[in-house]
Amino acid sequence: MTDLTHLTIADALDGLASKKFSARELTDAHLKKMSALKKLNAYITETPEKAQAQADASDKRRAAGGKVGSLDGIPLGIKDLFCTEGVQTTAGSHILEGFKPTYESTVTTNLFNAGAVMLGKLNLDEFAMGSSNKTSYYGNVINPWKRQGDSTDLVPGGSSGGSSAAVAARIAMAATGTDTGGSIRQPAALTGTVGIKPTYGRCSRWGIVAFASSLDQAGPIARSVEDCAIMLGAMAGHDPKDSTSVEMAVPDFRKGLTGNIKGLRVGIPKEYRVDGMSQEISDLWAKGAAWLKSQGAEIKEISLPHTKYALPTYYIIAPAEASSNLARYDGVRFGQRVPGNSLDEMYELTRAAGFGKEVKRRILIGTYVLSAGYYDAYYLQAQKVRALILKDFTDAFKDVDVILTPSTPSAAFGFHENEGDPVQMYLQDVFTVTVNLAGLPGISVPAGLDAKGLPLGLQMIGRAFDEETLLRSAQVLEKCANFTALPAGV
Amino acid sequence: MSLDSKTVAHIATLARIRVPEADLPGLASELSGIMTWIEQLNEVNTKGVEPMSGVAARDLPRRADVVNDGGDPGKVLANAPEPAHGFFTVPKVVE
Chain A
83 MTDLTHLTIA DALDGLASKK FSARELTDAH LKKMSALKKL NAYITETPEK
133 AQAQADASDK RRAAGGKVGS LDGIPLGIKD LFCTEGVQTT AGSHILEGFK
183 PTYESTVTTN LFNAGAVMLG KLNLDEFAMG SSNKTSYYGN VINPWKRQGD
233 STDLVPGGSS GGSSAAVAAR IAMAATGTDT GGSIRQPAAL TGTVGIKPTY
283 GRCSRWGIVA FASSLDQAGP IARSVEDCAI MLGAMAGHDP KDSTSVEMAV
333 PDFRKGLTGN IKGLRVGIPK EYRVDGMSQE ISDLWAKGAA WLKSQGAEIK
383 EISLPHTKYA LPTYYIIAPA EASSNLARYD GVRFGQRVPG NSLDEMYELT
433 RAAGFGKEVK RRILIGTYVL SAGYYDAYYL QAQKVRALIL KDFTDAFKDV
483 DVILTPSTPS AAFGFHENEG DPVQMYLQDV FTVTVNLAGL PGISVPAGLD
533 AKGLPLGLQM IGRAFDEETL LRSAQVLEKC ANFTALPAGV
Chain B
2 MSLDSKTVAH IATLARIRVP EADLPGLASE LSGIMTWIEQ LNEVNTKGVE
52 PMSGVAARDL PRRADVVNDG GDPGKVLANA PEPAHGFFTV PKVVE
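Quick note, the sequences are listed as chains A and B, same order. According to my numbering, the first sequence is numbered sequentially starting from 83. According to my numbering, the second sequence is numbered sequentially starting from 2.
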């Protein structure tokens, strides 16, 4: 039998339907590989018993000949930011060590209703704050990719670094991620996988540990655009428990993958040609445009004039919202507690011991920009610039249907690179963060290898709630790029 | 914008995070670096622009005003660090 862990979800669903293999065999193949690849540290908590029980239940459903779900029997990894009933949910933080939710997030509920199997909870940057997975309390995740002839361990991107590494290493057929500033698309780009952040409001945020509520959105990381379409279809949907989740039917994203982009207008934003962009990235971007043109698309240069202000805007808005959201970790109702002589002392000691360096940094920035005397100068100004960034996109989408950009400024980097100055790390999200501020859908597709043999991604951005066009265009790009390289040892 | 140790100590108190005295200068310099970088936002002319708090619809949906959850103190307290007699507990706040 072929190695089941190398199948796409689409192929695995066919194999399950035609009884070539069982859901239990598919799950066991993944569990076995997870044991062999523990050194990647992709999972914080593995749930083999739960996975096998869910796989057996799926096999029973198929044997009974009844209705099966859109992901029936497919083994997935779940980012450890999604609350899972009875299974430890840490958000990558010490402060939530041992926290076992008594409820299930809406997205994982939707996935389980579709028949999905959970292999375990995936590592991430603490509270999803980071672009390298280095801020996790539970240790670094190792990218399965290495530079040619160089054994240096590289980062898998972040914050969904466990998700991207697991999908690339074939220890999950797909994974859930969340994306606040690029946390699905950047790790997907750094691991040769596909990741989509849908439109804000497409997936329910209920039961996802909150970072920045006006920016956070769940989405999948998978190994093909089609698999992302299948995953997103199962994850999305209106949820009365999240007031920002939209009451809108979820289209059949898979059906929308017609391969036809004749007449599609693709925008190339000139402001994304940032200073110091490497020749490799710039060449790949041009190649992407040429591929789409060869398939009948029309390429247009567009302008998004406020692009350079997106990152500083984000680093006011996201920390401000985080400082408020993370106020709940006070040692009273859940999570770790450090005793103190007074209530304030208990709060201060608990939070000092429970949060890591980057999380503290962001809470402090958020507290500062919201504090008396600074609110107007920082927070209000950032909210206004955010409106201008959204307007840039609204104007651009009058002339184009999708936008093509690089996903990241570089390929995967070593654990000691981009260290020292926090701003250097923040720049990882320079191409992805605009999309969160504007609430739009964005997808990263693996498009080629750099000179050292590491994957590079291209990003496509779509109109709000037009994931269908976005996925269709991304699949054409994927076919043209024909990315078939595999990380060594996988 | 340059933040000094005193300001950082003040923010840390507001945020209820204990920061050791010795860490204040380093933190002040890091945060100053970030704030200086952020300050480029002042270049943007935002006169007459409405601030935007998010892309979600401004009119939030309403649900019927009925009890639809609750009555399960066991679940609520399941993850509490030191629950007692069906309550959360904190250090004494009134002498």
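Since the hints were made in silico from the structure, they are not lab data. Some hints here could point you the wrong way.
[To be verified] Ranges between beta-carbon positions, derived for each pair:
{"no.": "1", "chain 1": "A", "residue 1": "Ser100", "chain 2": "B", "residue 2": "Asp60", "range": "23 to 33 Å"}
{"no.": "2", "chain 1": "B", "residue 1": "Glu22", "chain 2": "A", "residue 2": "Met330", "range": "49 to 59 Å"}
{"no.": "3", "chain 1": "A", "residue 1": "Asp477", "chain 2": "B", "residue 2": "Phe88", "range": "49 to 59 Å"}
{"no.": "4", "chain 1": "B", "residue 1": "Val68", "chain 2": "A", "residue 2": "Asn564", "range": "53 to 63 Å"}
{"no.": "5", "chain 1": "A", "residue 1": "Met330", "chain 2": "B", "residue 2": "Leu78", "range": "32 to 42 Å"}
{"no.": "6", "chain 1": "A", "residue 1": "Glu501", "chain 2": "B", "residue 2": "Thr37", "range": "13 to 23 Å"}
{"no.": "7", "chain 1": "A", "residue 1": "Asp503", "chain 2": "B", "residue 2": "Asn43", "range": "16 to 26 Å"}
{"no.": "8", "chain 1": "A", "residue 1": "Tyr457", "chain 2": "B", "residue 2": "Gln41", "range": "48 to 58 Å"}
{"no.": "9", "chain 1": "A", "residue 1": "His88", "chain 2": "B", "residue 2": "Glu22", "range": "49 to 59 Å"}
{"no.": "10", "chain 1": "B", "residue 1": "Phe88", "chain 2": "A", "residue 2": "Lys473", "range": "17 to 27 Å"}
Bear in mind that the values here come from a model prediction, so they are computed numbers and not experimental data. We put the beta carbon where it would ideally sit given N, CA and C, even for glycine.
Quick rundown of the hints versus the structure:
1. At roughly 49 Å, the beta carbons of Ser100(A) and Asp60(B) sit outside the given window of 23 to 33 Å.
2. Checking the proposed 49 to 59 Å range against Glu22(B) and Met330(A) shows it holds: the Cβ atoms sit about 53 Å from each other.
3. The hinted window of 49 to 59 Å between Asp477(A) and Phe88(B) holds, with their beta carbons roughly 55 Å apart.
4. Separated by about 57 Å at the C-beta atoms, Val68(B) and Asn564(A) satisfy the suggested range of 53 to 63 Å.
5. Checking the proposed 32 to 42 Å range against Met330(A) and Leu78(B) shows it holds: the Cβ atoms sit about 37 Å from each other.
6. In this structure, Glu501(A) and Thr37(B) meet the distance hint of 13 to 23 Å, their C-beta atoms being roughly 19 Å apart.
7. Hint check: Asp503(A) to Asn43(B), Cβ distance near 21 Å, so the stated range 16 to 26 Å holds.
8. For the pair Tyr457(A) and Gln41(B), the supplied restraint of 48 to 58 Å is violated, since their beta-carbon distance comes to about 19 Å.
9. Between His88(A) and Glu22(B) the beta carbon distance is about 55 Å. The supplied range of 49 to 59 Å therefore holds.
10. As the Cβ distance of Phe88(B) to Lys473(A) is approximately 50 Å, the hint placing it in 17 to 27 Å is violated.
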